[in-house]
Amino acid sequence: MLLSEQKVLQTLMQHRIRISASAWLIVRNTHTAEDIFQNVVLKAMTRDVAFESESALLSWAFITARREGLDWVARN
Numbered sequence: 001m002l003l004s005e006q007k008v009l010q011t012l013m014q015h016r017i018r019i020s021a022s023a024w025l026i027v028r029n030t031h032t033a034e035d036i037f038q039n040v041v042l043k044a045m046t047r048d049v050a051f052e053s054e055s056a057l058l059s060w061a062f063i064t065a066r067r068e069g070l071d072w073v074a075r076n
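Residue numbers (the working numbering): 1 to 76.
There's no promise every hint is true.
[Said to hold, decoys possible] Below, simulated SDA-like cross-link-like pairs (lysine to any residue); rule was C-alpha separation at most 25 angstroms, straight line:
(1) K7 <-> S22
(2) K43 <-> L57
(3) K7 <-> D35
(4) K7 <-> M45
(5) K7 <-> R75
(6) K43 <-> R75
(7) K43 <-> L9
(8) K43 <-> M13
(9) K7 <-> V49
(10) K7 <-> R28
(11) K43 <-> L12
(12) K43 <-> V27
(13) K43 <-> I26
(14) K43 <-> H15
(15) K43 <-> L25
(16) K7 <-> R47
(17) K43 <-> R67
(18) K7 <-> N29
(19) K43 <-> I17
(20) K43 <-> Q6
(21) K43 <-> D71
(22) K7 <-> L57
(23) K43 <-> T11
(24) K7 <-> F51
(25) K43 <-> S20
(26) K43 <-> S53
(27) K43 <-> Q14
(28) K7 <-> W72
(29) K7 <-> V27
(30) K43 <-> W72
Since the hints were made in silico from the structure, they are not lab data.
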């Protein structure tokens, strides 16, 4: 059974600090890390991605935050 949009958002918000911290480890900027977290949430809610469990969602979120952080470092 797939996670509902509400459950996806709830899970991401519960783990906001950890996801933002994983981005911060790469970009070393608090505001940028928070922007990356917001982008992760936006992607989870607007793209055609479906998650079967919270662990799948969190794995995807951490990987996405890491990739966004690496992209930000490459651009700056």
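Comparing the hints with the structure gives:
1. K7 <-> S22: Since the Cα atoms of K7 and S22 sit roughly 22 angstroms apart, the hinted pair holds (cutoff 25 angstroms).
2. K43 <-> L57: Answer holds: K43 to L57 is near 12 angstroms, not above 25 angstroms.
3. K7 <-> D35: At roughly 21 angstroms apart (the allowed maximum being 25 angstroms), D35 and K7 satisfy the hint.
4. K7 <-> M45: Holds. K7 to M45 sits at ~11 angstroms (cutoff 25 angstroms).
5. K7 <-> R75: Not OK: K7 and R75 at ~33 angstroms, beyond 25 angstroms, violated.
6. K43 <-> R75: holds (20 angstroms)
7. K43 <-> L9: Roughly 11 angstroms between the alpha carbons, so the hint for K43 and L9 holds.
8. K43 <-> M13: Distance ~14 angstroms between K43 and M13 Cα, so the pair holds.
9. K7 <-> V49: holds (14 angstroms)
10. K7 <-> R28: Between K7 and R28 the Cα gap is close to 30 angstroms, so the pair fails against 25 angstroms, i.e. violated.
11. K43 <-> L12: holds (12 angstroms)
12. K43 <-> V27: holds (19 angstroms)
13. K43 <-> I26: holds (20 angstroms)
14. K43 <-> H15: Status holds; Cα separation ~16 angstroms.
15. K43 <-> L25: holds (21 angstroms)
16. K7 <-> R47: This hinted pair holds, its Cα atoms lying about 16 angstroms apart.
17. K43 <-> R67: Answer holds: K43 to R67 is near 13 angstroms, not above 25 angstroms.
18. K7 <-> N29: The hint is violated at about 29 angstroms.
19. K43 <-> I17: holds (18 angstroms)
20. K43 <-> Q6: holds (14 angstroms)
21. K43 <-> D71: holds (15 angstroms)
22. K7 <-> L57: holds (10 angstroms)
23. K43 <-> T11: holds (14 angstroms)
24. K7 <-> F51: Distance of about 10 angstroms is within 25 angstroms: holds.
25. K43 <-> S20: Holds, at roughly 15 angstroms.
26. K43 <-> S53: OK: K43 and S53 at ~17 angstroms, within 25 angstroms.
27. K43 <-> Q14: holds (17 angstroms)
28. K7 <-> W72: Violated, because 28 angstroms separates the two Cα atoms, which is more than 25 angstroms.
29. K7 <-> V27: Violated, at about 28 angstroms.
30. K43 <-> W72: Cα-Cα ~16 angstroms, so holds.
Checked against the numbered hints above, the structure violates hints 5, 10, 18, 28, 29; every other hint is satisfied.
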